[in-house]
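Participant: Sequence:
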Amino acid sequence: MIKVRFAPSPTGYLHIGGARTALFNWLYARHAGGKFILRIEDTDLARSKKEYLDEILESLAWLGMDWDDLYYQSRRFDIYRDYAARLLSEGRAYTAENGAIIFKVGEEEIKINDLIRGEIKFDAGLIKDQVLIKEDKSPTYNFACVVDDALLGITHVLRGDDHISNTPKQVVLYKALDFKVPDFAHLPLIMGKDGGRLSKRTGATAISEWRKMGYLPESLANYLLLLGWSPGANQEIIPIGEAVKKFEIKNVNKTAAVFDSDKLQWLNAQYIKQYDPGKLCDLLIPQLKEAGFVGGENFNREEIISVVKLFQSRISTLADFVDFVDFVFLDNPKFNPDAKEKLLNKDLSKEFNLLARRFDKIKDFNAVNIEEEFRNLVKELGIKAKELVHPVRAAISGKTVGPGLFETMALLGKEKIKARLNMAEKMWKSAPNLKCFILLFAVVFISGLFSGCGTVKGAYQGAKEDWKNLQKWDDKFRETWW
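Be aware that the sequence shown starts at 1, since it is given in full-length UniProt numbering, and climbs by one per residue.
Hints are not guaranteed to be accurate.
Calculated cross-link-like contacts (lysine-lysine; reagent style DSS-like; alpha-carbon spacing at most 25 Å) [what the hints assert, rightly or not]:
#, residue 1, residue 2
1, K350, K361
2, K379, K334
3, K104, K180
4, K134, K193
5, K416, K399
6, K363, K350
7, K384, K399
8, K289, K279
9, K399, K340
10, K35, K180
11, K384, K350
12, K384, K361
13, K386, K399
14, K340, K250
15, K346, K289
Rather than coming from a laboratory, the hints here were simulated on the basis of the structure.
Generate the whole structure from the sequences, applying the supplied hints.
Facilitator: Dropping the structure here:
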C-alpha cells in the first residue's frame, strides 16, 4: 500500500509552497487508495507554537484535505534516542565532547531514482559526519525524519526540490539502520512572477490570509494543483474529485512553477460564478453582518440569495461583494467619482420624472416589464438607450458598472427606484448652473470697475475671490447630495 506524509513544522503559518506539497501528497494517496499521514515536526520546542499548529490543521481541512493518522515528533524523542544508541553500539556513531551523538558518514556513492527528475547521484565524500542527537538531547531534522518515515511505513516521499540536499544525508541513515529507502519525488519550486523565490510580495502569503481575502478553498486548491502539474488538454478548472482520479506523478513538471496572483483571482471568479447561491450566501452573510447590512439572525435569507444570484458573476473574491452590493442595503447609494460625473454631465430631470411615472404604473415590477417601459420612453424621447442607461445606473447604485440594469431595478423594487430617481431629479433642479456662475462672475467684475477698484486688474482680482467663494458654496452643495 502506498503511504505518504506531509510534515509541516509549527514554527510558522502554512504558505503556498507547503500547501502545494500537502495537496500533491494527499492526491497521490487518494488516487492510489493509499494513506496520507500528517506528521507535525515540532522538535524545535522553543519556536513551535500552538497558534501555528492550529492554523496549519485548519488550513489543510479548509482546502479539503483529510488525514489517516496524525503524529507529533515531540512525543517520540525516546524512539530517536534509542536508534541513536543503536548506531553508537554498532560503531556507526560517536559522542562529541558536548554530549551530542554524531553519525560517521562513509565514502560510498549515493544515488536515487527520483520519480520526477530521474537518476540523481551524490558524492558521499562531500557529506560531513552529521549530528543525530543534539547537545540538548533533541533529534536533528534529518535523523528524526528517517526514523519516522521508516517506522510509519512511508513508501513515497514527495517534497519540494529544496530538500534535494537533504536526500543523501537521509539515504545513508536509512542504510545504516537497515531501513528500506523510500521512493523520492522532488517537486519543482514555486517562483514569483519576477523570477525570484516566492516572497510575501509575490504570493508567499499564509493560506489563512488568502481565505480572509475572499478566496474559495476549491479555487485555491485548484490553483495549487496547477503549480507544477497538468492534466493535459489545457484544462484549467479541475474540481478536487476529478483531480483525485487524474493525479499521477508522471505529469508533474521538472521546471519551476510561477505563482501568478492574477491567474488565481481569475480562477476564483470562475468558481464563484459556478457556486451554489445558497452556499455562497452562507459564506457572505458574515461580511454583510460586519458591514452592518445584516443584523443578528433577523434577516431574510432568500432575499440575500437573490442578491447573490445577481452579483456572483461580477465579483472575483468574496471580499468584493460588500462594495458591489452596498447600494442594495443603504437608504441612499454612495456615489463614486465616475458615477457623479455621469449624473452631472447632463440635466435629465425631465427624463427621470417621466421614467418614475412610467414605473409607478407597473403592477408586476420585474425586469421584463421594466425594460419594456424603459425602451418605450427612450423611443418616445428620440434618444439612444445609453443616454439614459448610464445616468440611471449611476442614480440608483452610485456606480457605473454592475449587473443588468433592469434586473438590478427589479431587485431594488419599485419604491426604492422611484425614490432614487426623484432624488436625482431634485438634485438637478437645485444644482447651481454654470451659466449662472458665469453671469455672476461678469456682474461682480463689472460692478468692481464702477465701485472704486480703479483698474481692470483690481476688478478682476475682486471677482476672482468671489468666484472662489461661489465654488466653495457649490462644493458644499454637492456634498449634501453625495
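Participant: Hint by hint, say whether it matches the structure.
Facilitator: Structure-based check of each hint:
1. Simply put, K350 and K361 have alpha-carbon atoms about 17 Å apart, close enough for the 25 Å limit, and the pair holds.
2. For the suggested pair K379 and K334, the alpha carbons sit about 30 Å apart, so the restraint of at most 25 Å is broken.
3. Taking the CA atoms of K104 and K180, the gap is near 19 Å; set against the 25 Å cutoff, the hint holds.
4. Pair hint K134 plus K193 does not hold up; C-alpha atoms about 40 Å apart against a cutoff of 25 Å.
5. With a C-alpha separation of about 16 Å, the suggested pair K416 and K399 falls inside the 25 Å cut-off, and the hint holds.
6. The straight-line distance between the Cα atoms of K363 and K350 is roughly 23 Å, inside the 25 Å bound, and the hint therefore holds.
7. This hinted pair checks out: K384 and K399 have alpha carbons roughly 20 Å apart, not beyond 25 Å.
8. Restraint check for K289 and K279: satisfied, since their Cα atoms lie roughly 16 Å apart, inside the 25 Å limit.
9. With a CA separation close to 8 Å, the supplied pair K399 and K340 stays within the 25 Å bound.
10. Taking the CA atoms of K35 and K180, the gap is near 18 Å; set against the 25 Å cutoff, the hint holds.
11. Between K384 and K350 the CA atoms are separated by roughly 16 Å; this keeps the pair inside 25 Å, and the hint holds.
12. Between K384 and K361, the direct Cα distance comes to roughly 23 Å. Compliance with the 25 Å bound is thereby established for this hinted pair.
13. Note on K386 and K399: the hinted pairing holds, with a Cα-Cα distance of about 15 Å set against a maximum of 25 Å.
14. Proximity of K340 to K250 is assessed by CA-CA distance (about 56 Å); at most 25 Å being required, the pair is judged violated.
15. Of the pairs offered as hints, the one joining K346 and K289 is violated, with about 37 Å between alpha carbons and a cut-off of 25 Å exceeded.
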